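Got chain G sorted already, so can you dock chain L onto it with the hints?
These protein sequences, in sequence, are chains G and L. Quick note: the first sequence uses my numbering, first residue 1, plus one each step. Quick note: the second sequence uses my numbering, first residue 1, plus one each step.
A few of these clues could be false.
Intra- or inter-copy, both count: the list cannot distinguish identical chains.
Said to hold, decoys possible - Cross-link-like lysine-lysine pairs, in silico, DSSO-like; alpha carbons within 30 Å at most: (1) 282 / 172; (2) 84 / 172; (3) 273 / 172; (4) 264 / 276; (5) 172 / 291; (6) 78 / 291; (7) 37 / 273; (8) 291 / 273; (9) 291 / 276; (10) 117 / 291; (11) 84 / 291; (12) 264 / 37.
Treat the hints as calculated values from the structure; they're not laboratory data. This structure is a prediction, so every number in the text was calculated from the model and none was measured.
2 protein chains.
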Amino acid sequence: MSRSAPLHRALALAIAALLVSPSALAKDHQDATPSTKSILAASSPSEWRALEPDNTLYMMLPHHHRVIIELTPEWAPKHVANIKTLVDEHYFDGTSVYRVQDNFVAQWGDPYADDPKKAKSMGSARTSLPPEYTRVLNSSLDVTPLPDGDVYAPRVGFSHGLPMAWDPATNKAWLVQCYGMVGVARGVDPTSGNGNTLYVPIGEAPRQIDHQLAVVGRVVRGMQWLSTLPRGPEPLGVYEDASRRTPIASVRLASQVPASDRVKLEVLRTDSKTFKRLVEAKRNRHGPFYKDPAGHIGICHVPLPVREVH
Amino acid sequence: MSRSAPLHRALALAIAALLVSPSALAKDHQDATPSTKSILAASSPSEWRALEPDNTLYMMLPHHHRVIIELTPEWAPKHVANIKTLVDEHYFDGTSVYRVQDNFVAQWGDPYADDPKKAKSMGSARTSLPPEYTRVLNSSLDVTPLPDGDVYAPRVGFSHGLPMAWDPATNKAWLVQCYGMVGVARGVDPTSGNGNTLYVPIGEAPRQIDHQLAVVGRVVRGMQWLSTLPRGPEPLGVYEDASRRTPIASVRLASQVPASDRVKLEVLRTDSKTFKRLVEAKRNRHGPFYKDPAGHIGICHVPLPVREVH
Chain G
1 MSRSAPLHRA
11 LALAIAALLV
21 SPSALAKDHQ
31 DATPSTKSIL
41 AASSPSEWRA
51 LEPDNTLYMM
61 LPHHHRVIIE
71 LTPEWAPKHV
81 ANIKTLVDEH
91 YFDGTSVYRV
101 QDNFVAQWGD
111 PYADDPKKAK
121 SMGSARTSLP
131 PEYTRVLNSS
141 LDVTPLPDGD
151 VYAPRVGFSH
161 GLPMAWDPAT
171 NKAWLVQCYG
181 MVGVARGVDP
191 TSGNGNTLYV
201 PIGEAPRQID
211 HQLAVVGRVV
221 RGMQWLSTLP
231 RGPEPLGVYE
241 DASRRTPIAS
251 VRLASQVPAS
261 DRVKLEVLRT
271 DSKTFKRLVE
281 AKRNRHGPFY
291 KDPAGHIGIC
301 HVPLPVREVH
Chain L
1 MSRSAPLHRA
11 LALAIAALLV
21 SPSALAKDHQ
31 DATPSTKSIL
41 AASSPSEWRA
51 LEPDNTLYMM
61 LPHHHRVIIE
71 LTPEWAPKHV
81 ANIKTLVDEH
91 YFDGTSVYRV
101 QDNFVAQWGD
111 PYADDPKKAK
121 SMGSARTSLP
131 PEYTRVLNSS
141 LDVTPLPDGD
151 VYAPRVGFSH
161 GLPMAWDPAT
171 NKAWLVQCYG
181 MVGVARGVDP
191 TSGNGNTLYV
201 PIGEAPRQID
211 HQLAVVGRVV
221 RGMQWLSTLP
231 RGPEPLGVYE
241 DASRRTPIAS
251 VRLASQVPAS
261 DRVKLEVLRT
271 DSKTFKRLVE
281 AKRNRHGPFY
291 KDPAGHIGIC
301 HVPLPVREVH
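Isolated chain G (complex conformation) (with noise of 0.2 Å):
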């Protein structure tokens, strides 16, 4: 490492060096795994896919944070329906980040949905809806799937973008929720979640709950404004203080904000040779630094790559 480079440059390198970033040392080594950054520097325009303005979500935050979440219609039509309708009528305009698990979620919407008294209406949304934790696989759903096996699925992979599972016994098909997932809450009752709270998970991915909830999509960009979060008192992260909550100033689709306030963005698809060459580099990574490569990968370990266009 050069000791006269400046100094965030001079400290990514001995970082990268102290740990973990065989992208960064990898280049060096013509035998190594080729790097995220190379590998994504040879795709091709067609493997990436424009997030559609219809299905994503600007859910601003505090300090002009903005999340963005791209909602997938095909898992769960009337979640998301419901969710574009109170998104129209800006139900979560003034609602909140009201709970906060370590290692488990960040939950938002209307603290007090459960609550008639106090509940927001819910205008002219749908208050309950059928569960649509799970859907049938068929010829409609496109899956690349992952080899390596999982702890709780028979079969595992991706379609359009989303990690996913199925089991081939039942032809039940189910996105998993790994982190930055995003899901509906509900009661007891299977038919009460109708997305006036919905959560993403902030830790190990609580495969537990796997095809018990309906999940919507997925945040492409801003985990780390609610990863960040402070977390609210054990046991369940429900913050006690309603002053201790964070603000949604407001969530809109894309497609409703001027063209000035959108960002461009790309998410590489499932389906092509890029994706192909980036699982088989982080299944068997080798170099320098990595001197025992796993030869297998989780399906929550998988990367999806979203990148900005100008």
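What follows is chain L alone, placed relative to chain G:
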């Protein structure tokens, strides 16, 4: 739910109803899985193990936030001994948490550790150590196996309160890099890890670094003071601006602080019947919320209970 209950209780119950708190719900149902609380309440005193003051670190962050780490000499004895030497000589006082990468790790110690011009002296500690990434699985290691398989390792289980894995073919065992485990950062040279920089996973367990680094213990209290720190810039999360680092006021062994400043913590023994009951309850959650229990559990999903005694 009682609508006349005080707000914080009403809110906690509302949220319990809204998401994944079988413990709060299960008590009304005879055939439901017992809650963690009820399982632990039925434990006997001998099923808990007090932390040893000589193997317990107190790391003080701003606002008197205290991170408590249990060191495990049986897995990486030379690394743990070196860290204790550094602590004895107050090496960490005035260092910082200088890297926080979302969904990966928080890392602390000397930000300039890799820069010969600026690195802090390590005093009488060693600057180079032999790798202690794995150890031999022998009779001195009590093992409680977990039966559900694993994507990364041939076998997984628990030993002396920690998640571990092993390969029957080689007789090697290693600690698993779950959320909250503490490891020793290193450079490309496997002998370059010395304890002057440490890290803890703050998201999905980074299993790809299993048996590639020395693991020296686990955060048993205060993970939230590390997991909520602001993320540094991508891709590595190293703060470019030194003012963003979180200063470390001191790191001491519990045995080095006045008795009045100590907190008496106990961890549930993983070779106890109560731990076995807890694992079974988490493998097979059923009750009013969980319609479709997993029947399996991942090694990093099993809770490792810690309690304070007075």
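Tested hints:
1. In this homomeric assembly, residue 282 and residue 172 come within 30 Å of each other (Cα to Cα) both inside a single copy, at 28 Å, and across copies, at 23 Å.
2. In this homomeric assembly, residue 84 and residue 172 come within 30 Å of each other (Cα to Cα) only inside a single copy, at 26 Å, whereas the closest approach across copies is 53 Å.
3. Taking identical chains as interchangeable, the C-alpha atoms of residue 273 and residue 172 lie at most 30 Å apart only when both belong to the same chain, with a minimum of 26 Å there against 36 Å between chains.
4. In this homomeric assembly, residue 264 and residue 276 come within 30 Å of each other (Cα to Cα) only inside a single copy, at 24 Å, whereas the closest approach across copies is 50 Å.
5. Taking the shortest Cα distances, residue 172 and residue 291 sit within 30 Å of each other only across copies (15 Å), while inside one copy they are farther apart (39 Å).
6. When the C-alpha separation of residue 78 and residue 291 is checked against a cutoff of 30 Å, the pair qualifies only between copies, where the shortest distance is 21 Å, while the shortest distance within a copy is 48 Å.
7. Taking the closest pair of Cα atoms, residue 37 and residue 273 come within 30 Å of each other only inside a single copy of the chain (15 Å); across copies the shortest separation is 48 Å, beyond that limit.
8. In this homomeric assembly, residue 291 and residue 273 come within 30 Å of each other (Cα to Cα) only inside a single copy, at 26 Å, whereas the closest approach across copies is 38 Å.
9. For a Cα distance limit of 30 Å, the shortest separation of residue 291 from residue 276 inside one copy, 23 Å, qualifies, whereas the shortest one across copies, 35 Å, does not.
10. For the identical chains of this complex, residue 117 and residue 291 are inter-copy neighbours only, at 29 Å across copies versus 60 Å inside a copy, given an alpha-carbon limit of 30 Å.
11. For the identical chains of this complex, residue 84 and residue 291 are inter-copy neighbours only, at 28 Å across copies versus 49 Å inside a copy, given an alpha-carbon limit of 30 Å.
12. Taking the closest pair of Cα atoms, residue 264 and residue 37 come within 30 Å of each other only inside a single copy of the chain (20 Å); across copies the shortest separation is 47 Å, beyond that limit.
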